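K.L.:
Each chain, letter by letter, is given below.
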Amino acid sequence: MRFEKPVPLSEIRSLINARIVGNDDGSATGINEIHKVEEGDLVFVDHPKYYQKCIQSAATYIIINKETDFPSNKALLIVDEPFEAYQTIVRHYRPFEPLQKAVSDSASIGEGSIVMPGAVIGHHVQIGKNTVIHPAVVIMDHCIIGNDVIIQSGTVIGSDAFYYNKKTNRDVHYKKMLSCGRVVIEDAVEIGANCTIDRGVSGDTVIGAGTKIDNLVHIGHDTVVGKNCLFAAQVGIAGATVIEDDVILWGQVGVSKTLTIGKGAEVYAQSGVPAGLEGGKKYFGSPAEDAMLKKKELVWIKRIPALWEKAFGK
Amino acid sequence: MRFEKPVPLSEIRSLINARIVGNDDGSATGINEIHKVEEGDLVFVDHPKYYQKCIQSAATYIIINKETDFPSNKALLIVDEPFEAYQTIVRHYRPFEPLQKAVSDSASIGEGSIVMPGAVIGHHVQIGKNTVIHPAVVIMDHCIIGNDVIIQSGTVIGSDAFYYNKKTNRDVHYKKMLSCGRVVIEDAVEIGANCTIDRGVSGDTVIGAGTKIDNLVHIGHDTVVGKNCLFAAQVGIAGATVIEDDVILWGQVGVSKTLTIGKGAEVYAQSGVPAGLEGGKKYFGSPAEDAMLKKKELVWIKRIPALWEKAFGK
Amino acid sequence: MRFEKPVPLSEIRSLINARIVGNDDGSATGINEIHKVEEGDLVFVDHPKYYQKCIQSAATYIIINKETDFPSNKALLIVDEPFEAYQTIVRHYRPFEPLQKAVSDSASIGEGSIVMPGAVIGHHVQIGKNTVIHPAVVIMDHCIIGNDVIIQSGTVIGSDAFYYNKKTNRDVHYKKMLSCGRVVIEDAVEIGANCTIDRGVSGDTVIGAGTKIDNLVHIGHDTVVGKNCLFAAQVGIAGATVIEDDVILWGQVGVSKTLTIGKGAEVYAQSGVPAGLEGGKKYFGSPAEDAMLKKKELVWIKRIPALWEKAFGK
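Protein chains in written order, with full-length UniProt numbering: chain A, 1 to 314; chain B, 1 to 314; chain C, 1 to 314.
Do not rely on the hints blindly, as some may be mistaken.
Heads up, the list lumps identical chains together, so a pair's fine if it works in one copy or across two of them.
As the list claims (entries may be wrong) - List of simulated lysine to aspartate or glutamate pairs, DMTMM-like, C-alpha gap at most 25 Å:
hint	residue 1	residue 2
1	K101	E111
2	K227	E84
3	K129	D245
4	K166	E244
5	K302	D290
6	K295	E309
7	K175	E244
8	K66	E11
Hints were generated in silico from the structure; no laboratory data involved. Bear in mind that the values here come from a model prediction, so they are computed numbers and not experimental data.
With these hints in hand, go ahead and build the complete structure from the sequences.
P.N.:
Spelled out as structure tokens, the structure:
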């Protein structure tokens, strides 16, 4: 999440009750996850295993639960509970404002675009030109929709990430990490009916220009889909995954989180993708493998009875 | 289904045109399926195979198509068509009342709870405190939603059970059994976008406290989900199944009906669960098996060509 | 698509700027795809491979990009870009009219039918008698719903086909073929919550009388489903497929495009159907095979270690 304008570090310090070590007179431009941060951003870390990765990331301000060595151009904000500090910052700078009406006054809708009855358009949503939003579509706060986009009925853009911190405290077994990211739909994307595209936790979920998506497709938080991809019905893609340009996923394919599917890969129907796939090839199976090898394997399986007869007789 | 107040047996008798055998001056507290009935309830049975099971169940009043031995503290209501008698009772005591407006006047919404634009809240729905109902969510009649619940956009709670009686009469091939049960969502449950949770046929579909559900998940009628479960996107669970506490189902897992998944079991993505699973273990495959065994099996399959060469030469 | 009334060929000629070869004073009754055309219809073809198939089809008027031999009772409409001519005809005779209100004035709703709050009913929709349209259902323009139908909440009927022409021109990688077909739901069909049924590209998607469909089911464009079928939750059926009467598809089954599943076939949960299936049998697996053979195969796989030991020792 970018802040609307840079926030003085002193303001953050007061908000989360932190002790600052290092340069304390800068301003933070936003808060983000480790793999998305940019210079000027805040990031948080609460496990020593990740201390160095966070401190060495592009982030300038590190919310952390222990004083540690850090580069001189950065600052640490020391608190007991970095995760709670993150939640406090999100709640403060991106407060939950319940919608009062179907189309928020702060939404902007470009020339030639159409919003059909029953659609709900959240706060600060931006819709480009010549875009069609069909009935009962929901676009939640802060999402960005390009030009020449079509979103068919019942689709939800910008639902919260399915992202929980597991707590040993049994009173709150799973604690939701607040989502402050967005969904960004680029130009000429077409999305079918009753799909769901989650917003990023603190970054953006992106659907690249020209990509076409069929019905009942799920795309998880922070996933970045390239240009001119084709996803058939009931495909599901978990969070923080990268789908490069020109990828084709056929019906009911499932893709796991934090992996990359390379440019131009094609995955046949009902396959499951548990790990990254090289581009330019065809895949099949759950777990997905080279489609040709997988098909040969299906033939090999049918030969087991003949092997048995040879080994043990009829 | 519980009746609003106990109904004199004489009233039921007139309604379904039954002959009563046994004590005929009691009152019925509700009507339920065989595995959900309690003392004071009505139950119906039309196949001799299930006569004794119904008569020996907790139910006090048995709607049946033949006079049979029964305990002296119970009564039989004898009719030609017990299934039709059930339908008549449901139609009478839980009549279908089409909604006239988006939020029924008979719904109650607790302090601090928010219902967003486009949501539809049915008759007699009860929503607890500090609960957020996102846009275009539909909660049908009589469902119960706890405190601190989040239901994201487009989700449907309390759709009718997918439950049909097959008729030999070809004019009505499948006859819908009327749903009079409820969905009960306990405290701190979070449900994603465009999910569907069916009401019980005559009992309750229950989602236990603290359970978190991702997008496009389906949960069938009368299924009881424990506390602090985690269901990833596009999971589907059929009817009358029991998912114990702390169960994790990853994306696109399918679970069949009337089985039990034990406490703390974890089922990997795209697996299919056709029969009960012991708790505390990890499973994979369709049909699902012990995950470690299943992974070894995938390795064994790759060795068939070597076996072939050994048996038959190249 | 049928035109509202026959359109003189001269009008079509002017619209798409065609040169007519053959009888030019007839009228066209509609425009359709090759496998759906009837006498009097227009059809288009732009690849020499399909020239003869189109010219020999039932269509009377062939929009084509090259003069070719044809029967004397037909006519060719010669244009440079037949696909674009098709799009122009659809745009002209079935223009996109954005809905201005939740229920179009041109929709007709039969006696005893109920449309619940939040439902959206498009232009020229026809709904029969005693049909229940639950909250937040969307029925798009020109769809036909029979008598005694139940459509549960959030379901979308008549979303556009997922049907694209791939263009070598990288500026528009996939070009959407405009949908001008309909969805026709016959009597006593019941459809669950959050399903999606796409309209035909130029023909009809049909759901046969008495068929029952569970939640989150997807049915593609131009697919024709027979009578008294049963589809469990999360089934997906691609486009232009034929499902004959009495077919049962269990949960999460996927069916590919342009194939036929024969009468009374039953496909077990999570199976994938890549090619036609004979009626009256049971199937399992992805790809689906005879269920009994498939189950035996699962047993054979478990015997590989014993084969290995015999061949190579422990």
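K.L.:
Which of the listed hints are broken here?
P.N.:
none
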